[in-house]
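Chemist: As a plain string of letters, each chain reads:
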Amino acid sequence: MGEQVQDRQSFVPGDQAFQDDLRRRHRRAKRWQVFFFASLVVGLLALLALFANVADEAFGTIAIASKYSEAEVLAALSEARGVTVEGPLEALENDDLAQVLALYIPRRVPVIVRDELSRVKPEDFTRVPLREALAGATLPPDIADLTISQLSLEQQTAILSANLTHDVLYARVLNDVIGLDILKSWTLSRTLFDYAGIEAEFQALVAAQDPPNPQLKPHSWLNSTFVTGTQSSYPELAGIRTAILGTLWIMALTMLIAFPLGVGAAIYLEEYAHSGNWLERLIETNIRNLAGVPSIIYGLLGLAIFVRALAPISSGALFGFNEANGRTIFSAAMTMALLILPVIIIAAQEAIRAVPQSIRDASYGLGATQWQTIWYQVLPAALPGILTGTILSMSRAIGETAPLIVIGASAVIFVDPSGPFSKFTALPIQIWQWTARPQEEFRNLAAAAIIVLLALLLVLNSAAIILRQRVSNRLRG
Amino acid sequence: MMSSNGDGRYAVQIRHLNVFYGPRLAVREITMPIARNKITAFIGPSGCGKSTVLRAINRMNDLIPEARVEGEVIYRGENIYRPEIDPVEIRRRIGMVFQKPNPFPKSIYDNVAYGPRVLGIKDRRTLDQIVEQSLRQAALWDEVKDDLKKSGLALSGGQQQRLCIARALAVEPDVILMDEPCSALDPIATERIEDLMKELVVDYSIVIVTHNMQQARRVSEYTAFFTTDESRTGELVEFDRTDKVFSMPSDPRTADYIAGRFG
Amino acid sequence: MQNQATLQKREIIATALNRQAARGERSALHQRTRLWERVIRYLLLMCGVVSIFTTIGIVVVLGSEALLFFTPPTWIDSFKTLQEPITATATELAISGAGTPLEAGEIIRMVNEEMRVVSVDAAAGTITVERAINGTVAAPLTAGVDILRADSVTLGEFLTSTQWMPQLGSFGVLPLLNATLMISAVAMLVAIPLGLSAAIYLSEYASPKARAVLKPVLELLAGVPTVVFGYFALTFVTPLLRSLFGIDVVEIYNTASAGIVVGIMIIPTVASISEDALRAVPQSLREASYGLGATRLETVTRVVVPAALSGIVASFILGVSRAIGETMIVSIAAGAGPKFTFNLFAGAETMTGHIVRISSGDISYNSIDYNSLFAIGLLLFVITLALNILSRAVTARFREVYQ
Numbered sequence: 000m001g002e003q004v005q006d007r008q009s010f011v012p013g014d015q016a017f018q019d020d021l022r023r024r025h026r027r028a029k030r031w032q033v034f035f036f037a038s039l040v041v042g043l044l045a046l047l048a049l050f051a052n053v054a055d056e057a058f059g060t061i062a063i064a065s066k067y068s069e070a071e072v073l074a075a076l077s078e079a080r081g082v083t084v085e086g087p088l089e090a091l092e093n094d095d096l097a098q099v100l101a102l103y104i105p106r107r108v109p110v111i112v113r114d115e116l117s118r119v120k121p122e123d124f125t126r127v128p129l130r131e132a133l134a135g136a137t138l139p140p141d142i143a144d145l146t147i148s149q150l151s152l153e154q155q156t157a158i159l160s161a162n163l164t165h166d167v168l169y170a171r172v173l174n175d176v177i178g179l180d181i182l183k184s185w186t187l188s189r190t191l192f193d194y195a196g197i198e199a200e201f202q203a204l205v206a207a208q209d210p211p212n213p214q215l216k217p218h219s220w221l222n223s224t225f226v227t228g229t230q231s232s233y234p235e236l237a238g239i240r241t242a243i244l245g246t247l248w249i250m251a252l253t254m255l256i257a258f259p260l261g262v263g264a265a266i267y268l269e270e271y272a273h274s275g276n277w278l279e280r281l282i283e284t285n286i287r288n289l290a291g292v293p294s295i296i297y298g299l300l301g302l303a304i305f306v307r308a309l310a311p312i313s314s315g316a317l318f319g320f321n322e323a324n325g326r327t328i329f330s331a332a333m334t335m336a337l338l339i340l341p342v343i344i345i346a347a348q349e350a351i352r353a354v355p356q357s358i359r360d361a362s363y364g365l366g367a368t369q370w371q372t373i374w375y376q377v378l379p380a381a382l383p384g385i386l387t388g389t390i391l392s393m394s395r396a397i398g399e400t401a402p403l404i405v406i407g408a409s410a411v412i413f414v415d416p417s418g419p420f421s422k423f424t425a426l427p428i429q430i431w432q433w434t435a436r437p438q439e440e441f442r443n444l445a446a447a448a449i450i451v452l453l454a455l456l457l458v459l460n461s462a463a464i465i466l467r468q469r470v471s472n473r474l475r476g
Numbered sequence: 000m001m002s003s004n005g006d007g008r009y010a011v012q013i014r015h016l017n018v019f020y021g022p023r024l025a026v027r028e029i030t031m032p033i034a035r036n037k038i039t040a041f042i043g044p045s046g047c048g049k050s051t052v053l054r055a056i057n058r059m060n061d062l063i064p065e066a067r068v069e070g071e072v073i074y075r076g077e078n079i080y081r082p083e084i085d086p087v088e089i090r091r092r093i094g095m096v097f098q099k100p101n102p103f104p105k106s107i108y109d110n111v112a113y114g115p116r117v118l119g120i121k122d123r124r125t126l127d128q129i130v131e132q133s134l135r136q137a138a139l140w141d142e143v144k145d146d147l148k149k150s151g152l153a154l155s156g157g158q159q160q161r162l163c164i165a166r167a168l169a170v171e172p173d174v175i176l177m178d179e180p181c182s183a184l185d186p187i188a189t190e191r192i193e194d195l196m197k198e199l200v201v202d203y204s205i206v207i208v209t210h211n212m213q214q215a216r217r218v219s220e221y222t223a224f225f226t227t228d229e230s231r232t233g234e235l236v237e238f239d240r241t242d243k244v245f246s247m248p249s250d251p252r253t254a255d256y257i258a259g260r261f262g
Numbered sequence: 000m001q002n003q004a005t006l007q008k009r010e011i012i013a014t015a016l017n018r019q020a021a022r023g024e025r026s027a028l029h030q031r032t033r034l035w036e037r038v039i040r041y042l043l044l045m046c047g048v049v050s051i052f053t054t055i056g057i058v059v060v061l062g063s064e065a066l067l068f069f070t071p072p073t074w075i076d077s078f079k080t081l082q083e084p085i086t087a088t089a090t091e092l093a094i095s096g097a098g099t100p101l102e103a104g105e106i107i108r109m110v111n112e113e114m115r116v117v118s119v120d121a122a123a124g125t126i127t128v129e130r131a132i133n134g135t136v137a138a139p140l141t142a143g144v145d146i147l148r149a150d151s152v153t154l155g156e157f158l159t160s161t162q163w164m165p166q167l168g169s170f171g172v173l174p175l176l177n178a179t180l181m182i183s184a185v186a187m188l189v190a191i192p193l194g195l196s197a198a199i200y201l202s203e204y205a206s207p208k209a210r211a212v213l214k215p216v217l218e219l220l221a222g223v224p225t226v227v228f229g230y231f232a233l234t235f236v237t238p239l240l241r242s243l244f245g246i247d248v249v250e251i252y253n254t255a256s257a258g259i260v261v262g263i264m265i266i267p268t269v270a271s272i273s274e275d276a277l278r279a280v281p282q283s284l285r286e287a288s289y290g291l292g293a294t295r296l297e298t299v300t301r302v303v304v305p306a307a308l309s310g311i312v313a314s315f316i317l318g319v320s321r322a323i324g325e326t327m328i329v330s331i332a333a334g335a336g337p338k339f340t341f342n343l344f345a346g347a348e349t350m351t352g353h354i355v356r357i358s359s360g361d362i363s364y365n366s367i368d369y370n371s372l373f374a375i376g377l378l379l380f381v382i383t384l385a386l387n388i389l390s391r392a393v394t395a396r397f398r399e400v401y402q
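Going line by line, the protein sequences match chains R, E and S.
Start counting the first sequence at 0; every next residue gets the next number (numbering that gives the first Met the number 0).
Start counting the second sequence at 0; every next residue gets the next number (numbering that gives the first Met the number 0).
Start counting the third sequence at 0; every next residue gets the next number (numbering that gives the first Met the number 0).
Source of the hints: derived by calculation from the structure; they are not laboratory data.
This structure is a prediction, so every number in the text was calculated from the model and none was measured.
It cannot be assumed that every hint is accurate.
[As the list claims (entries may be wrong)] With a straight-line Cα cutoff of 30 Å, these simulated DSBU-like cross-link-like pairs (lysine-lysine) come out:
1. Lys208(S) with Lys29(R)
2. Lys105(E) with Lys148(E)
3. Lys214(S) with Lys29(R)
4. Lys149(E) with Lys99(E)
5. Lys66(R) with Lys216(R)
6. Lys197(E) with Lys148(E)
[Claimed, not checked] The following label-pair restraints were derived from C-beta to C-beta distances:
7. Asp114(R) with Gly360(S): 23 to 29 Å
8. Tyr364(S) with Asp166(R): 37 to 43 Å
9. Asp194(E) with Gln30(S): 36 to 42 Å
10. Lys29(R) with Gly360(S): 53 to 59 Å
11. Ala142(S) with Gln149(R): 36 to 42 Å
12. Thr141(S) with Thr146(R): 31 to 37 Å
13. Gln149(R) with Gly360(S): 36 to 42 Å
14. Asp114(R) with Ser95(S): 36 to 42 Å
15. Thr141(S) with Phe320(R): 30 to 36 Å
[What the hints assert, rightly or not] Derived contacts from chain R toward chain S, CB cut-off under 10 Å, selection only:
16. Leu39
17. Ile63
18. Lys66
19. Ala70
20. Ala264
21. Ala272
22. Leu278
23. Glu279
24. Ser294
25. Pro341
26. Gly398
27. Ile428
28. Ile430
29. Leu456
30. Val458
Ideal placement from N, C-alpha and C gives every residue a C-beta, glycine not left out.
So here's chain R without its partners, still in its complex pose (with noise of 0.2 Å):
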């Protein structure tokens, strides 16, 4: 005994030399701990650039050159008018703005009355009387079983003004007659910190191409036109509203499909099954397995059952729609509902279990029903938790761009979506495309559709904070 108290004595180093090696250890610990405090701060810089990066693109300097002036085109219309007529163009008439058109390009005001209100096969409409072609649009009686082509130049500019809206006309005019060119783009940050190089690069520019009209003028991406513009080829005058409004009509037909379903699914696995059989154990595993999938493969999954399989319902065909293929919002709303099932349900499974034993006791001790239980008592107490789980999750989907493009979303759509049966375009997939294109001023846009859809999240995250805050709120009494 007394040896190896001896034996370990020798061990434990002197006074001094423990000092020493306590300062070493304690410097070792520091440096650590900024490390590990560092790591923490590289993802929140890599946040922050990520932003200021958006930001960086959305907003900027243009240099841009247009066919015609404006002035030119004020006074061309005033001439043919034989009056003066004042500008800006914005704010001319619907009869001006088709006037215009009429005036710089007579030979594609057919095509534009076909574009924009044909309701036949584009090879059908030069043959059909013009009440067919037009069905619904605003015609004088006298014109309407003749064809687009009978018309005189006067009675087509005539439609054009009394059924086209007047920015539909004003983006006409800017895009078909103006014809703006965007010829370079800087960012905010140049912007702000070189002008001067900016300027000295707008000079060499205009030096080297001579475009007609040039200027140079502060341009931020995201503006109204943008949020309210359906899409166009010119970056100028693209817009997003097609998008916003295909990613509502998706979200809400996945909620309508998912939430139902989902909770029904969590309900059942937290309030009826406690048997353990098979079935219950297997869709629990099954559950936490899909939550792990790929959301690729889900569009896989979307691919080949919702718009090849039940291509005759997902085309909206069997409904007497007229959808030649089952890339539709309903197919795209059915992958994504598929895709947040499992997080709704395990969400909503939390949610339920959160809810006190004691109270579903108290009812089933009132004799309450196993489902008047469940309806009056669980739910209305899950409920808040449910929300919560529900809205993130769609703040998951609504960023969800991979099973999108592999069931097909169509590249270029220019109409609003009307009904699930309507093709679509969606927010991720614009920034998508505009991403993958190799002009800078696509990447503008694509920043600038990325600020709409932070937005939307950061909508739809604060609506969950807040109502977590109300619950726990009333929870308390």
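Please build the complex by placing chains E and S on the supplied structure of chain R, with the hints as guidance.
Modeler: Showing chains E and S alone in chain R's frame:
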């Protein structure tokens, strides 16, 4: 419809009751009656199965997935564990008040009206009448009549427990089972509940599980003493009139418990 | 002496119950059918069963379409067309076009008819064929019809060939798998140290107040849509890499950039699960270590992290699984075109990137391109499923220790 007062001296009779939790036998061979319009107290050390027996009387044990019951509980001449008996109906007639006050996270009114509503009573005036009478019976009416819309959770602990009693009374059970109803309450609130029980026993048969021997002595007419054997299975040691159990218990284990030697 | 109010109330309840009892002649205590309750129960069960159908759907769809891919013959373009129209009985065909010449004995297909090449006259540009084989029906054909040649893909070729060139009938998944694994490796190189360190800081060092602020902010990263991360990779990280390593070295589309951003995306996953595991370590273990004179770092590295190791490992596995399944970042930043390369600064297409690129174009159903997507999808599904199950198995072990 049979008169809820029925016939015979016993509201409920328990015969050869065994309750299992999974493979474990929780209580063994319980046989005892519950007297009509009397208060019966269940006493005994923790884990002796008194709550288990209580929950067996209105089939609340059905809600525990792994619980299994053998033996008979006779209520109105029928064994309530026969397969054709509806547990929902049993629980309506044999009500329950729990250890911790558990009002629903709803208004006072909705708490009391919930039971009648699930029975299918929708008429607002009838519901108003039931709510008022039940709250009066539970001696809570005067305290809450002006804010029936207030959340049941906003009441004090004692008030919450009386609300739970009112809620149980609203469906007019024959028997009320109380599982340590005062264990979470202060002495003043406890006294009010005890007074309330003495008033209610005129109309209802009451069973109370309690840790507090003084309470059993104060309120009950009959007392059942449970304890555990070496395998931690609960069993009924003694059942008799309360004054007899406390003054001259027939089993030495009862005497030990009452004398405070264990538990 | 009974209470008057009670009697009155009993009357009301009895009336209400009588109304119900009147529906059946049974004893009042007996079971009612409660059909509604049963219907609801089965409806709810059906809701749960939907998830099983989803899995069955995934397995059947991926499996059956992939099976078509592996079942000969698959038809690939021979880059040749019929030069002159033929009747339903003609056996000598004039053909034109490029690509590998047809060989005698080969099976070809035009429209719906399959034929066997009997002989080839390369000089005259004609072939002799046996018409309408394999139960197909002979029909007259017009000039310009595409000639497809039979090819088959074996599982062995799929898994071992380093070339993915569908037009040439070469379907080796290795270039795609290689790119996927490279990106996942880079991602884990980023996510493991950063995620674990962040978890350690949050769990062991941060004050409750700091934690309450930092953790939600870190979790914001998890809420950013992946397409936005893709944008970030292409417009921020790639230019950064190019300015660091040189424009000649780093291609515009490269696996390094995609991998780094995938790693950033995964940080919250790793951090959040690891932190849960670290916090589940009982305080008593830490106190034991401090009691022996250990510094905080020594306690963390020698006691807490080893004790939480299975949870931490599970978070890594889950991270890998997410990296492998990640689609948008790689499809935007990693480049198009399957390439078997180990160069991090070169572009290479991943499995997911390939699926996106092919399906976003015009693909016709039942083409080999279409079926190949499902074969890749099946491989992806099997890999991620295995990783997820492994991760849960590891977590389950960790639960046994502390609960």
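Chemist: Hint by hint, note whether the structure agrees.
Modeler: Each hint tested on the structure:
1. With a C-alpha separation of about 21 Å, the suggested pairing of Lys208(S) with Lys29(R) holds against the 30 Å cut-off.
2. Proposed proximity of Lys105(E) and Lys148(E) is supported: the alpha carbons are some 8 Å apart, at most 30 Å.
3. Note on Lys214(S) and Lys29(R): the hinted pairing holds, with a Cα-Cα distance of about 22 Å set against a maximum of 30 Å.
4. In summary, the hint linking Lys149(E) to Lys99(E) is supported, as the alpha carbons are separated by about 20 Å, within the 30 Å threshold.
5. Taking the CA atoms of Lys66(R) and Lys216(R), the gap is near 17 Å; set against the 30 Å cutoff, the hint holds.
6. Distance hint between Lys197(E) and Lys148(E) is fulfilled; the C-alpha atoms sit about 29 Å from each other, no more than 30 Å.
7. The beta-carbon spacing between Asp114(R) and Gly360(S), approximately 25 Å, falls within the hinted interval of 23 to 29 Å.
8. Between Tyr364(S) and Asp166(R) the Cβ separation comes to about 39 Å, which falls inside the hinted range of 37 to 43 Å.
9. For Asp194(E) paired with Gln30(S), a C-beta distance near 39 Å keeps the hint of 36 to 42 Å intact.
10. A C-beta distance of roughly 56 Å is found between Lys29(R) and Gly360(S), which places it inside the suggested range of 53 to 59 Å.
11. At about 39 Å, the CB distance of Ala142(S) to Gln149(R) agrees with the hint of 36 to 42 Å.
12. A beta carbon spacing of about 34 Å between Thr141(S) and Thr146(R) agrees with the range 31 to 37 Å that was offered as a hint.
13. The beta-carbon spacing between Gln149(R) and Gly360(S), approximately 41 Å, falls within the hinted interval of 36 to 42 Å.
14. Taking the beta carbon of each, Asp114(R) and Ser95(S) are about 40 Å apart, inside 36 to 42 Å as hinted.
15. Range check, Thr141(S) to Phe320(R): Cβ separation about 35 Å, and the 30 to 36 Å hint holds.
16. Look at Leu39(R): its Cβ gets to within about 4 Å of chain S, closer than 10 Å, so that hint holds up.
17. Hint status for Ile63(R): violated, given a least beta-carbon distance of 22 Å to chain S, over 10 Å.
18. Because the smallest distance between the Cβ of Lys66(R) and any Cβ of chain S comes to about 31 Å, over 10 Å, the interface hint for this residue is violated.
19. Nearest Cβ of chain S to the Cβ of Ala70(R): about 37 Å, over the 10 Å cut. The hint is violated.
20. The closest approach between the C-beta of Ala264(R) and any C-beta of chain S is roughly 4 Å, which is under the 10 Å cut-off, so the hint is satisfied.
21. Interface hint at Ala272(R): satisfied, since its Cβ lies 8 Å from the closest Cβ of chain S, which is below the 10 Å cut-off.
22. With 10 Å as the threshold, the beta carbon of Leu278(R) comes within range of chain S, its nearest partner Cβ sitting at about 8 Å, so the hint holds.
23. The interface hint given for Glu279(R) is met, as the beta carbon of that residue sits about 8 Å from the closest beta carbon of chain S, less than 10 Å.
24. For Ser294(R), the shortest C-beta to C-beta distance to chain S is roughly 7 Å, which falls under 10 Å, so the interface hint holds.
25. Nearest Cβ of chain S to the Cβ of Pro341(R): about 7 Å, under the 10 Å cut. The hint holds.
26. The interface hint given for Gly398(R) holds, since its Cβ lies 2 Å from the closest Cβ of chain S, which is under the 10 Å cut-off.
27. For Ile428(R), the interface hint holds, the least distance from its beta-carbon to any beta-carbon of chain S being 8 Å, beneath 10 Å.
28. A cut of 10 Å between beta carbons decides the hint on Ile430(R): the least distance to chain S is about 5 Å, and the hint holds.
29. With 10 Å as the threshold, the beta carbon of Leu456(R) comes within range of chain S, its nearest partner Cβ sitting at about 6 Å, so the hint holds.
30. Given hint, Val458(R) at the interface with chain S, is violated; its Cβ is 13 Å from that chain's nearest Cβ, farther than 10 Å.
In summary, the structure is inconsistent with hints 17, 18, 19, 30 from the numbered list given earlier, while agreeing with the others.
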